[in-house]
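Participant: Could you build the full structure based on these sequences and the hints that come with them?
The listed protein sequences correspond, in order, to chains A and B.
Each residue of the first sequence is one higher than the one before, starting from 1 at the first, in my numbering.
Each residue of the second sequence is one higher than the one before, starting from 1 at the first, in my numbering.
Don't read these hints as lab results, they were simulated from the structure.
Just so it is clear, CB atoms sit at the ideal spot from N, CA and C, and this is done for glycine as well.
Treat the hints with care, as some may be off.
[As the list claims (entries may be wrong)] Once the Cα atoms are required to be at most 30 Å apart in a straight line, the calculated DSSO-like pairs of lysine-lysine come out as: (1) A/K315 to A/K284; (2) A/K201 to B/K98; (3) A/K201 to B/K101; (4) A/K382 to A/K348; (5) A/K285 to A/K216; (6) B/K101 to B/K91; (7) A/K61 to A/K350; (8) B/K101 to A/K428; (9) A/K314 to A/K284; (10) A/K138 to A/K216; (11) B/K101 to A/K91; (12) A/K216 to A/K153; (13) A/K428 to B/K139; (14) A/K201 to A/K300; (15) B/K87 to B/K156.
[What the hints assert, rightly or not] Pair ranges (Cβ atoms, derived): (16) A/D64 to B/K154: 45 to 51 Å; (17) B/E104 to A/E190: 20 to 26 Å; (18) A/N301 to B/S137: 42 to 48 Å; (19) A/A347 to B/E104: 48 to 54 Å.
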Amino acid sequence: MKNNFLLSLSLLAVFSACAQQPGDNPGVYSPEKSAVPKPAGLVADADNAGLKLPAGFGAIKVADGIGRARHIVVTQQGDIYVKLMRAVDGKGVLKLHDNNGDGKSDATTGFGNYGGTGIAIKNGYLYASSDEEVFRYKLDAKGDVIAPLQPEKIISGLINRRQHESKSIALDNNGNIYVNIGAYSNSCQERDRQTGSMGMKPCPILDSAGGIWQFKADKLNQTYGDGVRYATGLRNVVGLDWNSQANQLFVMQHGRDDLHNIFPALYTEQENADLPAETMYALKKGDNAGWPYIYYDPFKNKKIQSPEYGGDGKKEGSSEYVDPVVAFPAHMAPNGLLFYTGNMFPAKYKNGAFIAFHGSWNRAPLPQEGYYVAFVPFENGKPSGKWEVFANGFAGIEVVTGTRGAQHRPCGLAQGPDGSLYVSDDVKGTIYRIIYTGK
Amino acid sequence: MKQKALMALSALALLSFQTAPKKTASASAVNKSNAATPAKTTAGNAAVMERGKTVYLTQCLACHQVDGGGVPHLNAPLDGATAVTGKDKAKLITIVIKGLKGVELDGEFYSNAMAPHPEMTDQQIADVLTYIRNSWSNKASAVTAAEVKAVRAKIK
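Facilitator: So this is what it looks like as structure tokens:
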């Protein structure tokens with residue numbers, strides 16, 4: 001049994017080099033395959049690290065209290081790189097290493113004196129972002145950063161007005177990097193979040209934000225002029241991932257807030273809590289998702305004209321804007337997106353999407369929602385079934401009434417070389433590793 | 001309409017749930033006279049707190065949340081915030097009237113804009129500020145309508 005496992009593991013390692021973390025050069029990592037912690041030796045924590053999971057799954061608390069852990073990535077050797085929202089002791093990128101294969105981090109090292117969100121590995125490089133820049137670091141054959149103090153600056157000068165400032169990143173298999181530049185506004189009103197204030201026409205924010213920009217992954221010192229506005233009309237995207245089956249970028253938009261506060265005559269508090277959908281888009285170059293002119297109503301399954309632009313809650317929005325491929329309940333704040341290509345989990349999870357929902361605040365006075373990891377099955381690069389809650393219990397309380405009450409909030413997702421799913425929490429700085437032990 | 005009333009009710013229930021344990025705790029405290037003192041000297045009367053709560057529910061709760069805890073990184077907390085319980089009442093009054101474009105508070109940055117509320121009366125602002133200065137773990141002096149009026153005159 002164990003032999004079979006090891007055999008499949010080494011097959012997996014070969015396979016994963018191209019399928020799991022697309023673009024990780026197999027040659028670079030081949031000497032290190034034996035260093036991958038073996039799933040056979042992993043035992044889930046007795047309390048599954050406080051998580052509620054489907055039957056057959058377990059969770060290990062890898063690390064705790066490491067800082068505000070945003071996005072994460074796992075090397076072929078099983079080490080975890082974590083991007084912190086704010087540097088701790090001058091270290092904004094942490095590396096967690098497990099010495100004995102029990103899944104718990106035994107050694108933390110770090111570098112990069114900047115806060116941020118984005119982190120990714122591609123073609124032997126670690127990419128990490130601040131709220132204005134994207135850096136990259138060459139990795140050696142062990143997946144270690146060679147020169148932590150001399151990163152290459154790939155992109156700089158991205159707009160940061162301290163609202164929706166995260167610069168999340170994803171890379172394709174064709175030498176491009178995609179960067180989210182969030183809109184520094186809720187709904188492009190003349191006066192942000194003020195009751196009755198109407199939208200600016202056209203919304204000037206969209207020139208430099210409110211979309212996904214495409215840059216070259218290996219060219220130094222790029223800024224707006226070197227990039228392409230790949231997709232626009234996206235208020236804020238924190239979770240995004242390249243889907244290699246569809247060969248397409250998928251993004252999770254944070255929908256707008258405050259429909260009731262801004263237009264109390266048009267929207268009740270209940271409607272404010274339920275609208276608009278949090279949306280998943282499969283993007284093509286040139287797509288426009290419609291923010292701030294429309295929002296997506298998950299009950300009508302329609303694009304609705306924003307009240308700031310003449311809408312009344314019923315008028316449909318223009319068909320020039322793309323439709324989402326999945327609509328989720330409002331305000332849940334999708335911060336992480338990962339297409340699962342591993343072999344550890346049962347077949348239904350293969351190629352499906354995991355989404356880390358950071359959890360809502362704008363549903364008040366109604367109870368908050370989210371604070372869990374959801375799953376959407378996919379076939380041939382398209383959603384093939386309804387979404388479901390996959391991992392819950394992060395908040396540590398049954399009902400979140402005030403956001404501060406949530407003890408942990410899921411933010412980043414990563415897949416390990418053995419197919420484990422990693423989840424980061426940016427409240428207490430906990431890293432979870434979810435494994436499948438069922439048969 | 002009915003739904004909204006129900007919701008306001010449930011929010012009220014939540015609010016009282018947040019404050020109730022504290023009352024019980026102070027009532028059972030060994031030094032009862034000490035525990036009772038702040039309410040007399042700082043909070044003003046119960047009517048002010050009730051009126052302040054009503055304003056809080058309609059104007060503040062959506063962002064600052066039912067527990068006054070705000071939202072990490074986005075909306076500033078009121079509970080335990082030095083600027084809320086501090087001596088500078090004029091600053092608080094100004095924030096309510098003029099709003100904010102993000103704020104640094106106790107070493108954290110909160111990025112969401114706070115809308116200005118010039119339409120609120122002096123009394124409403126006084127009531128809600130007294131309420132937030134004396135709810136959850138906060139205990140500080142009341143704000144009067146006269147103080148609001150004076151600040152409003154200056155910043156116009």
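Participant: Look at each hint and say if it fits the structure.
Facilitator: Each hint tested on the structure:
1. About 26 Å separates the Cα atoms of A/K315 and A/K284, which keeps this hinted pair within 30 Å; it holds.
2. Distance hint between A/K201 and B/K98 is fulfilled; the C-alpha atoms sit about 25 Å from each other, no more than 30 Å.
3. Of the supplied pair hints, the one linking A/K201 and B/K101 holds, its CA atoms being roughly 21 Å apart against a limit of 30 Å.
4. The suggested pairing of A/K382 with A/K348 holds, with an alpha-carbon distance near 14 Å, which does not exceed 30 Å.
5. Between A/K285 and A/K216 the alpha-carbon distance is near 15 Å, which keeps this suggested pair within the 30 Å criterion.
6. Between B/K101 and B/K91 the CA atoms are separated by roughly 15 Å; this keeps the pair inside 30 Å, and the hint holds.
7. Distance hint between A/K61 and A/K350 is fulfilled; the C-alpha atoms sit about 24 Å from each other, no more than 30 Å.
8. Between the alpha carbons of B/K101 and A/K428 the distance comes to roughly 27 Å, so the proposed pair stays at or under 30 Å and holds.
9. Of the pairs offered as hints, the one joining A/K314 and A/K284 holds, with about 28 Å between alpha carbons and a cut-off of 30 Å not exceeded.
10. Pair hint A/K138 plus A/K216 holds up; C-alpha atoms about 16 Å apart against a cutoff of 30 Å.
11. The straight-line distance between the Cα atoms of B/K101 and A/K91 is roughly 29 Å, inside the 30 Å bound, and the hint therefore holds.
12. A distance of roughly 12 Å separates the Cα atoms of A/K216 and A/K153; the hinted pair therefore holds under the 30 Å criterion.
13. For the hint pairing A/K428 with B/K139, the CA-to-CA distance comes to about 28 Å; that is within 30 Å, so the pair holds.
14. With a CA separation close to 26 Å, the supplied pair A/K201 and A/K300 stays within the 30 Å bound.
15. Restraint check: the Cα-Cα separation between B/K87 and B/K156 comes to about 22 Å, which is no more than 30 Å; the hinted pair holds.
16. The hint said 45 to 51 Å for the Cβ distance between A/D64 and B/K154, and at roughly 49 Å that hint holds.
17. At about 25 Å, the beta-carbon gap between B/E104 and A/E190 stays in the expected band of 20 to 26 Å.
18. Checked against the hint of 42 to 48 Å, the C-beta distance between A/N301 and B/S137 comes to roughly 45 Å, which is consistent with it.
19. Checked against the given bound of 48 to 54 Å, the beta carbons of A/A347 and B/E104, roughly 50 Å apart, stay inside it.
No hint from the list above goes unmet by this structure.
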